[in-house]
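Dock chain C against chain V, hints included.
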Amino acid sequence: MNAGETTAPKLGVQAATKIYHTASGDLLALDRCSLDIRASEIVSIVGPSGCGKTTLLWSMSGLHSLTGGEILLDGKKITGPHPDIGIVFQEANLLPWRNLDANIRFPFEIKGEKPDRAWIAHLLNRVGLDGFGGKFPRELSGGMQQRAAIVRALALKPSVLLMDEPFGALDSFTREEMNRLVEEIWLDTKTTIVFITHSIEEAIFLSDRVVVLSARPGRVAKEYRVPFPRPRSLEIMATREVFDLTNKIKMDIVGERATAKPEQQRPSAEIVRIRP
Amino acid sequence: MSDAIPEFSKAKSGDGQDVSLTNLSAFASGPGIKSGKEVAAILAVAVIIIGGIELALRLFHVPLYIMPPPSSIVQALFEEFPLIAPHLGYTLVELVSGFAIGAAVGLVLAAVITQFPFAEKIVAPYILLLVTTPMLALVPLLILRFGFGYTPRIIAVALAAGPMVMINAATGFRRVDSAKIALARSYGASTLQIFWKIRAPMALPMILVGLMIGAIFGLLTAVGAEMVGGGFGLGNRLTTYSSMIQMPQFFAVVLILSMLGILIYVLFFLIGKKWASWEA
Chain V
1 MNAGETTAPK LGVQAATKIY HTASGDLLAL DRCSLDIRAS EIVSIVGPSG CGKTTLLWSM
61 SGLHSLTGGE ILLDGKKITG PHPDIGIVFQ EANLLPWRNL DANIRFPFEI KGEKPDRAWI
121 AHLLNRVGLD GFGGKFPREL SGGMQQRAAI VRALALKPSV LLMDEPFGAL DSFTREEMNR
181 LVEEIWLDTK TTIVFITHSI EEAIFLSDRV VVLSARPGRV AKEYRVPFPR PRSLEIMATR
241 EVFDLTNKIK MDIVGERATA KPEQQRPSAE IVRIRP
Chain C
1001 MSDAIPEFSK AKSGDGQDVS LTNLSAFASG PGIKSGKEVA AILAVAVIII GGIELALRLF
1061 HVPLYIMPPP SSIVQALFEE FPLIAPHLGY TLVELVSGFA IGAAVGLVLA AVITQFPFAE
1121 KIVAPYILLL VTTPMLALVP LLILRFGFGY TPRIIAVALA AGPMVMINAA TGFRRVDSAK
1181 IALARSYGAS TLQIFWKIRA PMALPMILVG LMIGAIFGLL TAVGAEMVGG GFGLGNRLTT
1241 YSSMIQMPQF FAVVLILSML GILIYVLFFL IGKKWASWEA
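Protein chains in written order, with the working numbering: chain V, 1 to 276; chain C, 1001 to 1280.
Some hints here could point you the wrong way.
With a straight-line cut-off of 30 Å between C-alpha atoms, the simulated DSSO-like cross-links for lysine-lysine are [what the hints assert, rightly or not]:
(1) Lys1273/C <-> Lys135/V
(2) Lys248/V <-> Lys190/V
(3) Lys111/V <-> Lys1274/C
(4) Lys1274/C <-> Lys114/V
(5) Lys1274/C <-> Lys135/V
(6) Lys157/V <-> Lys77/V
Derived list of chain V stretches under chain C, where covered just means 3 residues or more per stretch with a C-beta under 8 Å from a C-beta of chain C [stated by the list, open to error]:
(7) 58-65
(8) 77-83
(9) 88-96
(10) 99-110
Hint data in this document are derived by calculation from the structure and do not stem from the laboratory.
Note that the structure is predicted; figures quoted are calculated from it, not measured.
Every residue gets a Cβ at the ideal spot worked out from N, C-alpha and C, and that includes glycine.
Next comes chain V alone, as it looks inside the complex:
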């Protein structure tokens, strides 16, 4: 389906293990989680709450260090934040003391680079934020804030875009609009996208592949291909295939939840044993 299908993965997660050391003991968030993402692929990651989705994404971004295993970008191990990886956070995460322009300039300021004005203007136009540059985040709706955050993430032209439940706080209509926008941007840039969401519908609509994580500790439980051609219309969401797929994924997650013993942590001795 994609050009990168036969080549090495763009982003490789290999036996990723993450233990958080908290005051109430060690917490195994990811347990030998492995996942390959090809170039220009959109992969969604779904799973029960607290299954380590965000941990996985933050590890992919280099913001978190793994306890075991590794993340490979174009075959090279990631040891820290990488300029080729852009992140869209939960709830936009704009800096409230900066107006939109200044927020989008922020990555360039940190890097000490000159902003690519033409590219930023193109992106702003793409997401429909022309003429809002002087506005402060609090003057914008949630959807507009998240659009700005997408522009900020894409401003440095990353080859991988990690999106951490970006539209979780939006109402369902805005969410659909944003989903279409993400697809449009993908058609435009062919950026590899890893998308974390609670919404199975959102995952199916957007993705080439939906990955289901198990309950904590997170591992890849199942994977589903979503074979619909792009650009997708909202009508496909009403088809039998999508309905069946949605239910299957839902059962995977609910089933996980039913069988998992919630809040029961493994004794630490056992955790030590699983270290590579």
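Positioned in the frame of chain V, the structure of chain C alone reads:
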């Protein structure tokens, strides 16, 4: 490297709802520019109160040394101002230089100490002690050591303003928003960049509150310190005029002091409106 579990709860710090007591609502409840009608009403009430006092004092023949009527206070203010002005200058020099020293030290200490939570815990009781001890109490000692000039007063003002600035600024610097810091880190920001681009702007509203409170405490201490020994400053004028039972002049000085206080408040209100309005 130990990472914290990423969390994005709604009522996180940085949304501005968590700062109690001295948050920017102190500014918000301040003298905002209101509609013409409200301004007229405020002026009318002022005229009625001041006029009423004037009338009552004259009607009941209250002696001048107990309470001078407002008109005589205003008259004294204008007549005596050339004599009071140099003293106002002294007080301002003490206030500005003492405040500058205290605020600078307070800010730097707050920025440094909040980076080391353990050190902060150890230092906290002493800071609290500095905040709660009236620095006026030290003035006689300072005068003994440094003489009757500017020095003891400037030190007293710095000692009064510094801890106030520090304790509020520290509250500001402690408001860590892990998501915003992660954002900066994702672009490879250094610790210094995170400080200047994330922590400092985030702390700014609380820093401004601290500066305002510090400046007002500084004024208080400067005037108090001038009442003890020495022969200049607005505090000295207060003791001099009251000992000579020159009540209109005395109240004229009080009027100048309250105007100074209001000026400090309005100054920081305007700065806050310009630079920290994103929070209020």
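Structure-based check of each hint:
With a CA separation close to 16 Å, the supplied pair Lys1273/C and Lys135/V stays within the 30 Å bound. Only pairs whose Cα atoms come within 30 Å are accepted, and Lys248/V paired with Lys190/V is accepted, the gap being roughly 28 Å. With a CA separation close to 28 Å, the supplied pair Lys111/V and Lys1274/C stays within the 30 Å bound. Annotation: proposed proximity of Lys1274/C to Lys114/V holds, straight-line Cα distance about 27 Å (limit 30 Å).
For the hint pairing Lys1274/C with Lys135/V, the CA-to-CA distance comes to about 15 Å; that is within 30 Å, so the pair holds. Between Lys157/V and Lys77/V the alpha-carbon distance is near 20 Å, which keeps this suggested pair within the 30 Å criterion. Coverage of a stretch by a chain is defined here by at least three residues with a beta carbon nearer than 8 Å to that chain's beta carbons; for the stretch 58-65 of chain V and chain C the count is 6, and the condition holds. For the stretch 77-83 of chain V, the assignment as covered by chain C holds, since 3 residues bring a beta-carbon within under 8 Å of that chain's beta-carbons and 3 suffice.
Taking a C-beta to C-beta cut-off of 8 Å, the stretch 88-96 of chain V contributes 6 residues in contact with chain C, enough for the three needed, and the coverage statement holds. Given as covered by chain C, the stretch 99-110 of chain V passes the check, having 4 residues with a CB less than 8 Å from a CB of that chain where 3 are the minimum.
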